[in-house]
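Protein chains in written order, with our numbering: chain W, 51 to 261; chain Y, 51 to 261.
Don't read these hints as lab results, they were simulated from the structure.
Since the structure is predicted, the reported quantities are computational estimates derived from the model, not experimental observations.
Some hints could be false.
If several chains are the same, the list does not tell them apart, and a pair holds so long as it fits within one copy or across any two.
List of simulated lysine to any residue pairs, SDA-like, C-alpha gap at most 25 Å [what the hints assert, rightly or not]:
1. 159 / 208
2. 159 / 235
3. 159 / 88
4. 159 / 207
5. 107 / 142
6. 107 / 127
7. 97 / 250
8. 159 / 210
9. 159 / 236
10. 107 / 174
11. 159 / 180
12. 159 / 182
13. 159 / 171
14. 107 / 96
15. 107 / 171
16. 97 / 131
17. 97 / 137
18. 97 / 196
19. 107 / 83
20. 159 / 181
21. 159 / 127
22. 97 / 234
Protein chains: 2
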Amino acid sequence: MATRQQKRLPRHVRERQMIDAAVRVFSHSGYHAASVEEIAEAAGISKPMVYIYLGSKEGVFTACIHREADRLVEAVRAVVRPHDTPELGLWQGIGAFFRFVADNRDSWKVLYQQARTQGTPFSGEVADARCRVMDEITALVVAGTRLPGGERIIDEQEAEILARMVAGAADALTEWLLENPDETPESLTERVMSIALVGVERFNSGDVCEA
Amino acid sequence: MATRQQKRLPRHVRERQMIDAAVRVFSHSGYHAASVEEIAEAAGISKPMVYIYLGSKEGVFTACIHREADRLVEAVRAVVRPHDTPELGLWQGIGAFFRFVADNRDSWKVLYQQARTQGTPFSGEVADARCRVMDEITALVVAGTRLPGGERIIDEQEAEILARMVAGAADALTEWLLENPDETPESLTERVMSIALVGVERFNSGDVCEA
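Chain W extracted, bound-state conformation (with noise of 0.2 Å):
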């Protein structure tokens, strides 16, 4: 069955199908104690087979952190609908964030938490995956800071520090989530988006300047 399978299906199956095998492994091993010989199985595929995609279990577990950085962008942008309010896609786009997190606790684990802390070589990795993911929800940030027919609300500058300020707090609230079992994905939406909304008002109302 494997061996049909090498024959038949084009690189980027293939591919595919060894990536999600090897997070499936990574998350549940650890990458230390995860092998090759290990991902090769679980995806129904030899061991050369893997060393010929991949290059290494460096290379693999790589392949494994932009993959799953992929699919957290293409969740957050998956929920924002052209026709959505700016503020209405913000609140999806966060919502999508967390639930990415919460649903895939385990890969989230190994792939940001282990691989950026642990002093592997993966750090620079980790660190160009999550500026990608934190480059998407300023964006949306800044989007939101825009009515719906596309005025600003406040200056571009404030809407890129409310913005990173926004990220930040959700890039942080990430730890906080995989900490806390019984905490919802839908309630750190809510007290992100506060922050955010409330942040356009008070920029926008001119308190900060005051203060």
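For chain W, the structure is supplied; the task is to place chain Y on it using the hints.
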């Protein structure tokens, strides 16, 4: 002169001089271009002495990351006085955080940004240092959600969530501060405080639950 110093100074003083010099050299040249020779010269001691004290260029850099994190935590603690109201303490602490980053712009870029993103073996050290600093800010925010008499304004869990959001927002704005030389620590402090205070109000009034 260097020789006399080597004989006279106690270890911790010598080590501090070495790290002071190393922070300057790394900030100026970046990790890869900096040499132990240059650091020894800047510290006014011999190269073997640097190896004896800190083992390697890697050891020197790690010591710099730790020392700068200590200094930042100290800077935040130093401005919070026992008789301050919790809110004033929070205001002062966040202000000290941004002032430290602004005043130590060059070392921040090398010790935190470069070490975190370039896949060097220091990402774990930076993650630890960042956690310590963020824990300090988080504790200040949690304290800031009490009235001067010590009663809680919002419950413990809400305070913890808010604190993490505020710390994440402050962390995200350090990058903005480094990228925008005209930005002031005071202005960023006001922005972060605005979300902290409004967070307290909203959590307290229950607005966030009705959203």
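Checked hints:
Proximity of residue 159 and residue 208 under a CA criterion of 25 Å is satisfied inter-copy only: 24 Å between copies versus 33 Å inside one chain copy. Only within a single protomer do residue 159 and residue 235 lie at most 25 Å apart by alpha-carbon distance; the minimum there is 16 Å, versus 33 Å between protomers. Taking identical chains as interchangeable, the C-alpha atoms of residue 159 and residue 88 lie at most 25 Å apart only when both belong to the same chain, with a minimum of 19 Å there against 40 Å between chains. In this assembly of identical chains, the alpha carbons of residue 159 and residue 207 lie at most 25 Å apart only when taken from different copies (22 Å versus 34 Å within one copy).
Neither within a single protomer nor between protomers do residue 107 and residue 142 lie at most 25 Å apart by alpha-carbon distance, with minima of 36 Å and 47 Å respectively. Proximity of residue 107 to residue 127 under the C-alpha cut-off of 25 Å is found in neither arrangement, the shortest distances being 30 Å within a copy and 44 Å between copies. In this assembly of identical chains, residue 97 and residue 250 lie within 25 Å of each other by CA distance neither inside one copy nor across copies; the values are 53 Å within and 55 Å between. Taking CA atoms no more than 25 Å apart as the test, residue 159 paired with residue 210 passes between copies only; the shortest distance there is 21 Å, against 29 Å inside one copy.
In this assembly of identical chains, the alpha carbons of residue 159 and residue 236 lie at most 25 Å apart only when taken from the same copy (20 Å versus 36 Å across copies). Taking the shortest alpha-carbon separations for residue 107 and residue 174, both the intra-copy value of 17 Å and the inter-copy value of 20 Å come in at or below 25 Å. For a Cα distance limit of 25 Å, the shortest separation of residue 159 from residue 180 qualifies both inside one copy, at 13 Å, and across copies, at 18 Å. Taking CA atoms no more than 25 Å apart as the test, residue 159 paired with residue 182 passes in both settings, with 18 Å inside one copy and 20 Å between copies.
With identical chains, the CA atoms of residue 159 and residue 171 are at most 25 Å apart both within one copy (16 Å) and between copies (20 Å). With identical chains, the CA atoms of residue 107 and residue 96 are at most 25 Å apart within one copy only, with a shortest distance of 14 Å there and 42 Å across copies. In this assembly of identical chains, residue 107 and residue 171 lie within 25 Å of each other by CA distance both inside one copy and across copies; the values are 12 Å within and 18 Å between. Within a single copy, residue 97 and residue 131 get their C-alpha atoms no closer than 42 Å, and across copies no closer than 62 Å, so neither meets the 25 Å cut-off.
For a Cα distance limit of 25 Å, the shortest separation of residue 97 from residue 137 qualifies neither inside one copy, at 48 Å, nor across copies, at 59 Å. Taking the closest pair of Cα atoms, residue 97 and residue 196 never come within 25 Å of each other, the shortest separation being 52 Å inside a single copy and 58 Å across copies. Taking the shortest Cα distances, residue 107 and residue 83 sit within 25 Å of each other inside one copy (11 Å), while across copies they are farther apart (30 Å). In this homomeric assembly, residue 159 and residue 181 come within 25 Å of each other (Cα to Cα) both inside a single copy, at 17 Å, and across copies, at 16 Å.
In this assembly of identical chains, the alpha carbons of residue 159 and residue 127 lie at most 25 Å apart only when taken from the same copy (23 Å versus 32 Å across copies). Proximity of residue 97 and residue 234 under a CA criterion of 25 Å is satisfied in neither setting, with 39 Å inside one chain copy and 55 Å between copies.
Hint compliance for this structure: hints 5, 6, 7, 16, 17, 18, 22 are not met, and every other hint is.
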